[in-house]
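J.: What follows is the residue order along each chain.
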Amino acid sequence: MRKCRLFFSKTGKTRYISHLDLMRVFRRAFNRAEIAVAHSEGFNPHPIMAGLLPLPTGQESVYDVLDVTFETEVGSFLLLPERINPCLPQGIKIIRAGVPAMKPADIFAVMSQATVKDGEWAVPEDGVTFEKRTKSDNVKTITVKRAQMRLIDQCTLEFLLPPDISPALVAAELGHGDADIIRTGIFDKNGRSFV
Amino acid sequence: MCYIQIMNNTLHSILQRVQKPARYVGGEFGEIIKTGAEVKFALCFPDVYEIGMSNLGIQILYKIVNDLPYASCERCFAPWVDMAHELRNADMPLFALESGDALNKFDIVGFSLGYEMSYHAMLSMLELAGIEPYADKRGADAPLIIAGGACIANPEPIAPFVDLCVYGDGEDVIVELLDLYRTERSKQKYLSEAAKIEGVYVPSLRNEYKRRTVKNFDSAPFPTAPVVPSMEVTHDRATIEIARGCGNGCKFCQACFINAPVRNKSVDTLVSQAVDVLKHTGAQELNLASLSTGDYPQLAELAERLLDYCEPRHINLSLPSLRANSFSPELMRRISRTRHSGLTFAPEAGSQRMRDYINKNLTEDDILSACRAAFEGGQSSVKLYFMIGLPTETDEDVLAIADLTFAVLGQWKKFAANKKQAPRITVSTACFVPKPRTPFAECEQNSVEEFTRKINLLRDKLRGNKNIKFSWHEPQVSRVEWILAASGQEIAPAILEVARNSKGLQAWDEFFDYTLWENAFQL
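Chains as they are written, first to last, in this note's numbering: chain H, 1 to 195; chain C, 1001 to 1523.
Since the hints were derived computationally from the structure, they do not count as laboratory data. All C-beta atoms in this analysis are idealised placements derived from N, C-alpha and C, irrespective of residue type, glycine included. Keep in mind that a hint or two might mislead.
The calculated label-pair distances, taken between Cβ atoms and stated as ranges, are [said to hold, decoys possible]:
| hint | chain 1 | residue 1 | chain 2 | residue 2 | range |
| --- | --- | --- | --- | --- | --- |
| 1 | H | P104 | C | Q1298 | 47 to 55 Å |
| 2 | H | K140 | C | R1463 | 46 to 54 Å |
| 3 | H | T72 | C | N1418 | 28 to 36 Å |
| 4 | C | E1518 | H | L20 | 36 to 44 Å |
With the hints as constraints, model all of the structure from the sequences given.
T.: Spelled out as C-alpha cells, the structure:
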C-alpha cells in the first residue's frame, strides 16, 4: 500500500465534470489501467482517494492534485502518467506522480488566470474589498490587495488568492463574472510549489 | 472572431449557468470523433443524457454507424428545462455532442422511441434545432427524420412527423438505410427505395412492412468499447445482452411480442464480451440484459465463468432472483457475495387466477421458496412488482396482492437468519396499459377514478405495517400512455401542442401536467 500524489490538468470539455464525478472518472481509469485502489476498513468500504482542492465545475486547471493509496504494487511512480493517461478522457492528463512531500494544510495560495472575452480588466490601485455570505449565513469581509493581482495583458488577470477565496467571485466583483478561469499553481507560505 | 468561436463563447457562458453542464459537451472516454464523413447521422434520444446514455440500443447503433468507413454518428439528448430555455434565449440551435453541429446540419436524424411519454420531446428537439416537425412541410434540404424503438409497434401517433421508421431490430436496417443514402439523395426516390427494405415503414407511402429481426444475434455487432459517461448516469455499469426475446408470452407484455423469437448468445461470446466491456469501461458492476435472464439456458455455467473474472476484481454481478433452485449451493454462495441489491420479483398479479390468466408462469410457491432461500442466506429486503387494472380484475385480485405480501413477510418471520435487521418489503404497482401487438391490445383501460379506488383499497389493507412500503404509478400518467400508445395519426397535433406548451419533459414527475394533456386530447 503506497500513497501517491498525482498532479494533473483538467482542461477543455472536462472542465464541466463536477468534483464528485471526477473521482468516478479516476476510479474507472485506475480500473482500466488494472491498478487497484486501497479501500477503507469498515462496513461500507470506500476507495482511499481525495482531490485536495476541488475545482468549481466549469473552471480549468493545469495544477490539480489527487492523493490516492494504491493496493497494487505499481512500481516507480515516474511511469504512472504513461500508464494511466491513455485510460483517462481527453482533457484530463496526469503530468507528474510522486510521494506526497507537503501536507494539505500547507496549501497557502492558489494562482489562477481569468480571461475576459470582450472588454478588458480595470484593476483598482487599492485592490478590492467585498462582503461574502458564508455557509452559516455570517457575512465575511474579503480583501484582495493590488499586489495579489497581475495584469498579463488587457484580457487576462492573474490572481494569487488564499484557497478559500474563489477567483470567480473576485472576477465578478471586478465586473467580469463570466471570465474564463484557469488554475495555474498552488503554493505553500514560502512561495514553493505544492508538491 | 469566427462563428464557431462566438458559438463556443456563448455556449461556455450558458454552461456556467445550467445544472449538470457535462450533459451537453461530450468528450467522454470512448467517444468517437469523425470529421468530414460522407454521411452524417445524428442519433437522438428524447430524454436527458443520463437516461439516454444508460440505453444499450444507443450504444449499439453508435458503434455500428461509426464502424462504417463513410459515416459518422453523433449523439444528441433532450436538454433539461434550464438548457432548453438558454438555447432559445441565445437563439442557438440544438446541437450534437461530438462536433457541436446543429441537428439541421446532419443528413439523417434518428430518434430512439422507447416510451410514449417522450414523443413530445422528439418534437421539442426538432423545433429547438429549427427543424419543421411535420414531414410533409419540411423542405428538401432538411435532414431525413427517422425513428426506431419499441414504440414503432404502433407508429401512427408519430407517423406525420417522420420520413420513415424502423420496426424491429435496428442493427442490419441502419446500415442498409445509410448505404442507400450514398447513392440516392433525392428524398422522394430515397423513400420509395427505403420502403423496400424489410422493417421499414414510410408513412407518406403507407407501405406494407414487416418486423425486422437481426440475422445472427450471436455475432451481431456489440459495443464492447462504449462511450463511458464522465458524470453519474442512471445505470452506471457495464452491460452485456445475453438474450433477445422472451418465451414466456405474458399477455400484457409488448416486449415479448415485438422481440420474438427468443435468441440466446453463446456463453463463450458473452464471457468474451463481458471481459472486453469491463476492461474498457472500468465499471464495478456487470449487468446481464435480457427480458428474462432466469430463462437463459446455461445460466449456471455463465454465472460461474463471469464470477471467475468478477470476484477477484470486486465487480458486482447482477443476477436474477428466480430459478435459483437450478444453482448449486456453492454457486449460490458466490452469487450472494457479489450481490448487494436484494431480491426482486415481478409476480405482476396477486392471485393465482390472474397470474394464470395473463400467462405469468409463476406460482406462489416459486416466490415464497426463493424468498425463504434469500432470508436464510441473511438477506432481508424484497421488492415486488405488480400491475392493477388487468382485464377481468376483481377487488379480490387486487387484495390478493396484499395477501402475497404478507406471505412473503411470513417467510421472513419463519426463516430469517438475521432477525436483527428488520425486513423491508417494497410493493410497487403499475397501472395496466393495454399495448399494441399484445393479446390485450383491444382492451379498455380502467378509468383514472377506478385505478385510484383500487390503489386506495390496497393501500388500506397494507397500511400500518412498518415493514411494508407501498408505492404506485400515477394513474393519470398511465392514462396518457395508453392514449398515446393506442391512437392513430389523429393524435399527432395533440402531441405537438404538448411539445409547444410543456414546461419540461413530461416523462418526469415534476413536469407531468395532466391538464395540458387533457386539453390537447380534448377529453
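J.: Run every hint past the structure and note whether it holds.
T.: Evaluated hints:
1. H:P104 - C:Q1298: 47 to 55 Å: holds, 52 Å
2. H:K140 - C:R1463: 46 to 54 Å: holds, 50 Å
3. H:T72 - C:N1418: 28 to 36 Å: About 34 Å separates the Cβ atoms of T72 (chain H) and N1418 (chain C), which means 28 to 36 Å holds.
4. C:E1518 - H:L20: 36 to 44 Å: Since E1518 (chain C) and L20 (chain H) have Cβ atoms about 40 Å apart, the given range 36 to 44 Å holds.
In summary, the structure agrees with every hint in the numbered list given earlier.
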